[in-house]
Every structure is written in C-alpha cells, then in structure tokens.
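Residue numbers (my numbering), protein chains in the order written: chain D, 1 to 247; chain X, 1 to 292; chain P, 1 to 300.
It is worth saying that the hints were derived from the structure and are not from the lab. One should not assume that every hint holds.
What the hints assert, rightly or not - To give a feel for the contact side, a few chain D residues facing chain X, derived at Cβ under 8 Å: (1) Phe104; (2) Ala193; (3) Thr197; (4) Thr205; (5) Asn208.
As the list claims (entries may be wrong) - Coverage of chain P stretches by chain X, computed from C-beta distances (three or more under 8 Å per stretch; other residues unrestricted): (6) 6-20; (7) 88-97; (8) 196-205.
Unchecked claim - Derived DEER-like restraints, expressed as beta-carbon distance ranges: (9) Lys241/D / Arg267/P: 29 to 35 Å; (10) Leu257/P / Glu42/X: 53 to 59 Å; (11) Leu109/D / Asn189/X: 22 to 28 Å; (12) Leu32/P / Asp128/X: 43 to 49 Å; (13) Asp168/X / Arg267/P: 43 to 49 Å; (14) Ala238/D / Asp65/P: 54 to 60 Å; (15) Trp34/P / Thr84/D: 20 to 26 Å; (16) Arg267/P / Pro167/D: 28 to 34 Å; (17) Asp61/P / Asp285/X: 25 to 31 Å.
For each residue, glycine too, the CB sits at the ideal point set by N, CA and C.
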Amino acid sequence: MRSPVRRARGGPAISGGFTHPHLSHPLRKEHAIDAVFENLPVFLGGFLRTLSLLAIAGVGAFAIGVVVAAMRISPVASFRAVATVYTELVRNTPLTLLLFGCAFVLPYLGAAPVYYPLAAIGLTVYTSPFVAEAVRSGVNGVPIGQAEAARSIGLTFGQVLGLVVLPQAIRMVIPPLINVFIALTKNTSVAGAFFVTELFGVSRTVINDRGDAVLAILLSVACFYLVVTVPLGLVAAAIEKRVAVLR
Amino acid sequence: MRISRTLMITAIAAVGVLGLSGCTDSENTGAEPEVSEDVEFEAGTTMADLADAGEITIGTKFDQPLFGLVGPDGIPVGFDVEIGKIVAAELGIEPDDIEWVEAISANREPFIQNGDVDLVIATYTINDTRKEVVSFAGPYYEAGQDLLVAEGNPEGIEGPEYFQENPDAAVCTVSGSTSEKNIAEYTTNVLPANGYSDCLEPLRTGAAVAVTTDNVILAGLADASDGEFEVVNNPFTQEPYGIGLALDDTDFRTFINDTLEAAFEDGRWDDAWESTAGAVLDLPDPPAVDRY
Amino acid sequence: MTSVLYDAPGPRARRNSRILSVVGVLAVAVLLAWLILTLAAPRVTAGGSEQPGLLDGSRWDIFLDLAVWRALGRGVLATLQMAGIAAVLAIVIGILFSFGRTARTAWVRIPTSVVLEFLRGMPVVLMMLFVLLVFSTGSLGAGVTALALYNGALIGEILRAGIVSLPKGQREAGLSIGLTPVATRFLIEFPQAFRQMLPIIIAQMVVLLKDTALAYIVGYSELLRVGVNNLSNFYGNRYFFSLFFVVLVIYLAVNLLLSWIARLVARRTGRKSVLDARIPGRGVFGMAGMGGGTAGAGGP
Numbered sequence: 001m002r003s004p005v006r007r008a009r010g011g012p013a014i015s016g017g018f019t020h021p022h023l024s025h026p027l028r029k030e031h032a033i034d035a036v037f038e039n040l041p042v043f044l045g046g047f048l049r050t051l052s053l054l055a056i057a058g059v060g061a062f063a064i065g066v067v068v069a070a071m072r073i074s075p076v077a078s079f080r081a082v083a084t085v086y087t088e089l090v091r092n093t094p095l096t097l098l099l100f101g102c103a104f105v106l107p108y109l110g111a112a113p114v115y116y117p118l119a120a121i122g123l124t125v126y127t128s129p130f131v132a133e134a135v136r137s138g139v140n141g142v143p144i145g146q147a148e149a150a151r152s153i154g155l156t157f158g159q160v161l162g163l164v165v166l167p168q169a170i171r172m173v174i175p176p177l178i179n180v181f182i183a184l185t186k187n188t189s190v191a192g193a194f195f196v197t198e199l200f201g202v203s204r205t206v207i208n209d210r211g212d213a214v215l216a217i218l219l220s221v222a223c224f225y226l227v228v229t230v231p232l233g234l235v236a237a238a239i240e241k242r243v244a245v246l247r
Numbered sequence: 001m002r003i004s005r006t007l008m009i010t011a012i013a014a015v016g017v018l019g020l021s022g023c024t025d026s027e028n029t030g031a032e033p034e035v036s037e038d039v040e041f042e043a044g045t046t047m048a049d050l051a052d053a054g055e056i057t058i059g060t061k062f063d064q065p066l067f068g069l070v071g072p073d074g075i076p077v078g079f080d081v082e083i084g085k086i087v088a089a090e091l092g093i094e095p096d097d098i099e100w101v102e103a104i105s106a107n108r109e110p111f112i113q114n115g116d117v118d119l120v121i122a123t124y125t126i127n128d129t130r131k132e133v134v135s136f137a138g139p140y141y142e143a144g145q146d147l148l149v150a151e152g153n154p155e156g157i158e159g160p161e162y163f164q165e166n167p168d169a170a171v172c173t174v175s176g177s178t179s180e181k182n183i184a185e186y187t188t189n190v191l192p193a194n195g196y197s198d199c200l201e202p203l204r205t206g207a208a209v210a211v212t213t214d215n216v217i218l219a220g221l222a223d224a225s226d227g228e229f230e231v232v233n234n235p236f237t238q239e240p241y242g243i244g245l246a247l248d249d250t251d252f253r254t255f256i257n258d259t260l261e262a263a264f265e266d267g268r269w270d271d272a273w274e275s276t277a278g279a280v281l282d283l284p285d286p287p288a289v290d291r292y
Numbered sequence: 001m002t003s004v005l006y007d008a009p010g011p012r013a014r015r016n017s018r019i020l021s022v023v024g025v026l027a028v029a030v031l032l033a034w035l036i037l038t039l040a041a042p043r044v045t046a047g048g049s050e051q052p053g054l055l056d057g058s059r060w061d062i063f064l065d066l067a068v069w070r071a072l073g074r075g076v077l078a079t080l081q082m083a084g085i086a087a088v089l090a091i092v093i094g095i096l097f098s099f100g101r102t103a104r105t106a107w108v109r110i111p112t113s114v115v116l117e118f119l120r121g122m123p124v125v126l127m128m129l130f131v132l133l134v135f136s137t138g139s140l141g142a143g144v145t146a147l148a149l150y151n152g153a154l155i156g157e158i159l160r161a162g163i164v165s166l167p168k169g170q171r172e173a174g175l176s177i178g179l180t181p182v183a184t185r186f187l188i189e190f191p192q193a194f195r196q197m198l199p200i201i202i203a204q205m206v207v208l209l210k211d212t213a214l215a216y217i218v219g220y221s222e223l224l225r226v227g228v229n230n231l232s233n234f235y236g237n238r239y240f241f242s243l244f245f246v247v248l249v250i251y252l253a254v255n256l257l258l259s260w261i262a263r264l265v266a267r268r269t270g271r272k273s274v275l276d277a278r279i280p281g282r283g284v285f286g287m288a289g290m291g292g293g294t295a296g297a298g299g300p
C-alpha cells in the first residue's frame, strides 16, 4: 500500500478539536464538550430508545429463550430438533445480517415498515439462543441427585423441571444471563445502522453536525453505555462469587 | 482455505482482464486521458512525490451511479473516477496505477487527515466546516440537493417544503452526509440509512415518501430503477463538488486547480462527462474554480 | 438421548412424541410454504408500480455471471482477512490481559481490570467508529482494532478463569523446583489453562468472525457490503434481496463450518479438565458450541 513516509504527510490529525489550530468558528474554539451539552436532549432521547430496546428485546428474548431451553431438554425428539436447528441458525448469523433482514425482508413479507419494532424483533431473536444456552447450562449444573430424588417421589417431567430443577438452576443462571443482557445492551447499537435513532444512531448524526468535537461526543456516548453495562457486570460478578461460595 | 486462495488468485487475475459485463450505462468508452510524460515538479512537493512513486491513492464513492460506482471487478467507474484519471494523468500516472479505495460519507476527512489517500473525489461538497480540516481544489461540478420519489409522484411532492407541511411524512437519506444536514432544516422525520441503496426499500414499502440527496446521484438511482422512481427536479441547495486533499497543501491544490481549468478548456472535462454521467444528464457548463 | 429428567419414553409417550413430531414438521412446512408463496408473488410497491416476485428469473440471472461470484469471493476474503488479523491480535492481547489480571501487584492488576471493564462495556460498533474517526485509521484498521481489543478482553477473562481454576499444586510444584513465579506462570500454569480453554477460545473466534459484519457500518468492503450494496448498486436494486439471501447462506456456511471445528476440538481436548464445574456452559450436555458462557455470550 503506502509508505510510512508518505503517510506522515497527511497534515495534523485532529484530536477531537481541542487543540486544532485551524478552527475559525469562535464557539468551536472554546470547548468541544459544548457539542455534547448542546445536544444533550438528543442524546437522552437516543439513550431512552436504547433502554427501551433493551427492555423489550430483553423480555422477549428471555421468554423465547426459556421456551427454547425447555424444548432442547424435553423428551419430545421433534422439539429438540427444532430448538437445536433454531439455535444453530440464529447463532451463526451475524447480527448485522439479522437486523438487515428484519429491516428489509420483513416489510417485504408484509410487516409494517416501522423500524423500531422491527429492530426489537431482530434483537429478540438474536439474543434468545444465548438466553436458552445460559438456562440450559444452569439446568445442567443442578446435581443429578436432585432430579433423581424428585423423580423417585413420582413427579412428572414438568414438575421436576418447574418445582425442583429450575428454582435451583436460577441462581446459577443469573450471572450468565446478566452477561447476555450486557451483550444485548451493546448490540442495540447495531440497530442504529438500520434506521433506528437510538444512541449510536443519533451520535452519528451529531458527529456530522459537529465534526470538530468527535472525541467528546464519542466519549460521552460511551459513558451512556457504560452506565448500563458496568453496574450490570459488577452485579453479575458479585452473584457469581456468592454462588461459588455456597456450593 | 485452499478454495479461498484459488478464489483470490482468480479474483486478482480478473481485475483488469475482464470487461464490465452487464453494465450498460457506465461502460468505459476507452477514451482515457492522455498521460503526460517527462513531468517535472519542484522537489519536495506532493506532485514530485507522487510522480516519483508513479502511483496515487484516491478515495471515491463505490455506490453512486454515474459518479463513482464499483463493478463486480472491484474497479469503480463514473465521473469522479474520470476526474481522478485526469489529475493522475497530469502527474504522469497511468489509470492502472491509481489505487481506488471506498470513501463513505463519514470517513472522507479521516482518510485525508491520516494520509490513507492522496485525494478524495467522492461527490464531496465544499463547505466551511470541512475546510477547517481538509483543503479543497475545484469545484469541478456543481450539484444541487433534490428529491427522488415514486414514479408519477403520487404524493405530489414539489420540494422540501412538503415535509414542513407534512411532518408525518419521512424522508430517507444517508447518515453523515451534507444532505442529512440540509434536510434537517425542514423536518426531523428523517430515516438515516447506511447508503443510498438502503433508501430505496423504504420508498417501496412507504416507510419514506422520498429520498433526498444531490440531484446527480438521484438521477443515477432513477436511471437504474427501470422507471420505478423519478427525480422531482427542483434543486434546493448548491453543492459544489471539490477534490479533497491534505490541509494547507497549497502547491498541490493550485496544481489541481490549474489542471481542472485546463481540462475545462480543452475538452477533457467534456469527454469525462459524456462518457459517464452524460448517458443520463445533459452536458453542463463547467463551474468556476474557487481559489480561496 | 437419555436424561435424568425423564424416563426413557414408553409406547404411549413414543406415540405422542411421534404425533407431536408430525405436527411440528407440518407447522414448519406450512410456514415455509407461506414464505415461498409470499416471496414468489408479484409485489406492488407503495408507489403503485408492480414488480416481479422474488423467485422470478429476472432477479437471479446475475448469478450466471462468474464476475459476481468473484466479487463475492473477494468479499469473503476481506471478511476472513479482517477476522484473521483480529483473531491473532485478540489472542495476544488476551494473554497480556490474563497476566495483568492475575498479577500479584495491585499496581498492575487494578488498572488492567479497569481497562478490561471499559472494553467489555463498549459496543464494538462504537469502538470501530471511535478508532475510525479519532485515530483516523482506515476502515480495516478500525475494524481490526475494535475487534481485537474487545475479543482480547474476553479471551483474557477466559484465560484468567483457566489459570485460577488450576489446582494449587501445579504452581507449588513449579516454585518448589526453583522456577521464578513468572516462569511458573509462563511454563506451568499458562499452557494448561490455554489448552483447557481452547474450545471456548475457538467459539469466541466464531463470534469474532460474525462481528466482522459490523465493519459494514464503518464502510469496510466485507462480504455484506460487497455482496449486497456494491453489487445491487451496480446491477440494479432488483437484485437486492437475492444478493442478501446468497450472502446470508455464505455466512451460515462459513460460520457453521467453524462452529463444527470448534466442537471437534472440544471433543478432542475432552473433559478430563479439572474445571468443568466452574465454567458455565460445560456440564452434562457438553459445551456444544456455547459461545463462551459468561464471557462470550451475545457477541459485540
């Protein structure tokens, strides 16, 4: 490609507009952070849409994920097959393609072309196999004796699962589940590329408007995400530690 | 892995060997600008560096019919590309020695600042904000923002004022573009897309009633749509397209401006237009170069 | 499949199961039939113009052109190139992180943890845009950097879990034969941890490969961009959907192949490991391509 010598000729790289000598606009010379404060309502709107995407897709993925997990450990062979195929297909499809399909193919099939719910559907589907795997591995972690004891007193498959295994599994399922939701929080950003004006989407628009304050804008957007993901991560780690001690 | 390697070899072999089958509008006429030989430049200037290296890297759009559109062989064609060839020829660089890289609206300034490319010729509107971080030669063409609607214009859209009167109607454009900024003065109901091709589906499903960007790009999209879409043809902005280069490289900028003016005069610019955008649009008058 | 959760099915359960299977297959078949019929039907757009259905030949004829397949091949190569570079860097970064996180001095351990939390909490797309705009790299550089940092952080955590879960005796044995603590870590503990975690690391590589599709958003000419955007721009927007489906199939094929390799490796390394109980995602059912339990779930 290019030699480093020629590459260096590219003029001074701007770093977020703090020190760039060629900024003529008086307002811009002052503080790049102003670009963030001026657009705070825009960011908050985007953040709310990110949060609601997280909530909707989180609940949806949990519901579907639990059903898929139950199907994968059920006695009915066809359920197991369907659930396995679903898990494999979805997990091997990049999120970008899945959301692409939701934004373009679903309206073709007759869905209303409203991109926010379409993105929510995509995120739900993408996240559900990860929920299912988390639940399934939690069920696997319950000592075999528990299930055997439940079976020996005559409980059915549903009762064994619902009354004995799942209540114990939940404790071990929560940390990986939280990690799935952390990933979901971050994944909502991909919806920004498919017509949804969530946090990442609005940040691109704001950057277009204030190209001199790229660093400040991107760092504040990162903070919004970290506000959700870091506490969730800490909770997951704390629970994990407690579970580890209890066992 | 073996398959991919074979593919790579075939792909490399294909570049430059195969013609652009399937392409009708932007077929290269073969009228390449004559490459200057024995070029002399003052040592230390960008021109001297490039002429010595015998190669140049140019960022252009890969997704804009008529201006910069990449074919299956990975080589872009269009008016921007022809302008790039004219500049390169003046530096003594053959068209085959130009490396074309894809520029998207959001990464044109970083490309130049980082020195990833020597030039950006990518339907790149000259404006004051951008002049703070890059320099512009040209303009070499003046476009205007317009609207693309379904054939027959069922909504009766005359101009951007339509969106002020109908705040529920959405308009689609590419996020990070000048067009997005301009239309924001009329409506907040904007669908931000990743590329212009992504905007056509919303238009088909009715999620958006129009696509907005520069008229020449829309003309290309309309032309490729088999009569499915049409341009409103009422431009509401002026978009002088410039050639982006490293900030304050005044010698290089002057050189390109001289080249452009010469090309305006001697017909090379006309030829470039006729062989590309001229298939759909009339030959315009060349704009006045802005030596700011 | 036998399980402690239910009896081996008897005749009645088998009959019910068979009925449910038939119903399930029928339901899937009906859904598929509806899908195909809807896609095949001519389409009337919001603007009132009618277009041929998705299965119409006029939407597929470009695939007779070899040039299209070469372009798709280039897209696959670009995707693999980004994934390959990022994977190597991610493993190097992961090793560094795992050492930093298990360091004995707090001066190393705590800053590493902070950086790690930061990287794990950021969306990969945002990181890509950040690198692209702030460090003004090309889109390949932006994609590779973001993917390497994020996956490096995850691999670091995976390796740390591996090191932590080794029996104490390993370290003690190393020290007792006169190795320095660093040499013990490097020569005794780390190779074991790496081997045990290899299946999870490979599963993470599948996630990384999938995530290269995110570079589509920062303008890298990978499979999705080349396949859907560039080609449909060039040949006409009527090929938009056919190209999308072809790209989807290519992605599935590549990823399923990699997942299968991951599972093969998992089976070969076997579960003679001491840490089955501690790593979520390994248990009675094996790990079956689990995207890395706590670490990798959910991708970006």
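Here is what the structure says about each hint:
With a least beta-carbon distance of about 5 Å to chain X, the hint placing Phe104/D at the interface is held under the 8 Å criterion. The beta carbon of Ala193/D is positioned within 8 Å of a beta carbon in chain X (closest approach about 5 Å), and the interface hint is therefore held. Given the 8 Å rule on beta carbons, the hint for Thr197/D holds: about 7 Å separates it from the nearest Cβ of chain X. The beta carbon of Thr205/D comes within 6 Å of a beta carbon in chain X, closer than 8 Å, and the hint placing it at the interface holds.
The beta carbon of Asn208/D is positioned within 8 Å of a beta carbon in chain X (closest approach about 5 Å), and the interface hint is therefore held. Using a Cβ-Cβ cut-off of 8 Å, 0 residues of the region 6-20 of chain P lie near chain X, which falls short of the minimum of three, so the contact claim is violated. A stretch counts as covered by a chain when three or more of its residues have a beta carbon under 8 Å from one of that chain; for the region 88-97 of chain P and chain X the count is 0, and the coverage is violated. Residue count for the region 196-205 of chain P with a Cβ under 8 Å from a Cβ of chain X: 0. That is fewer than the three needed, and the coverage hint is violated.
For Lys241/D and Arg267/P, the Cβ-Cβ distance of about 31 Å falls inside the hinted range of 29 to 35 Å, so the restraint holds. Between Leu257/P and Glu42/X the beta carbons are some 56 Å apart, a value that agrees with the proposed interval 53 to 59 Å. Between Leu109/D and Asn189/X the beta carbon distance is about 25 Å. The supplied range of 22 to 28 Å therefore holds. For Leu32/P and Asp128/X, the hinted distance range of 43 to 49 Å is not satisfied, since their beta carbons lie about 56 Å from each other.
Separation of Asp168/X from Arg267/P is about 57 Å and departs from the stated range, judged on CB atoms against 43 to 49 Å. One distance hint, 54 to 60 Å for the beta-carbon pair Ala238/D and Asp65/P, holds here, with the actual separation near 58 Å. At about 23 Å, the CB distance of Trp34/P to Thr84/D agrees with the hint of 20 to 26 Å. Between Arg267/P and Pro167/D the C-beta distance comes to about 32 Å, which sits within the given range of 28 to 34 Å.
Between Asp61/P and Asp285/X the CB atoms are about 40 Å apart, so this pair departs from the stated range of 25 to 31 Å.
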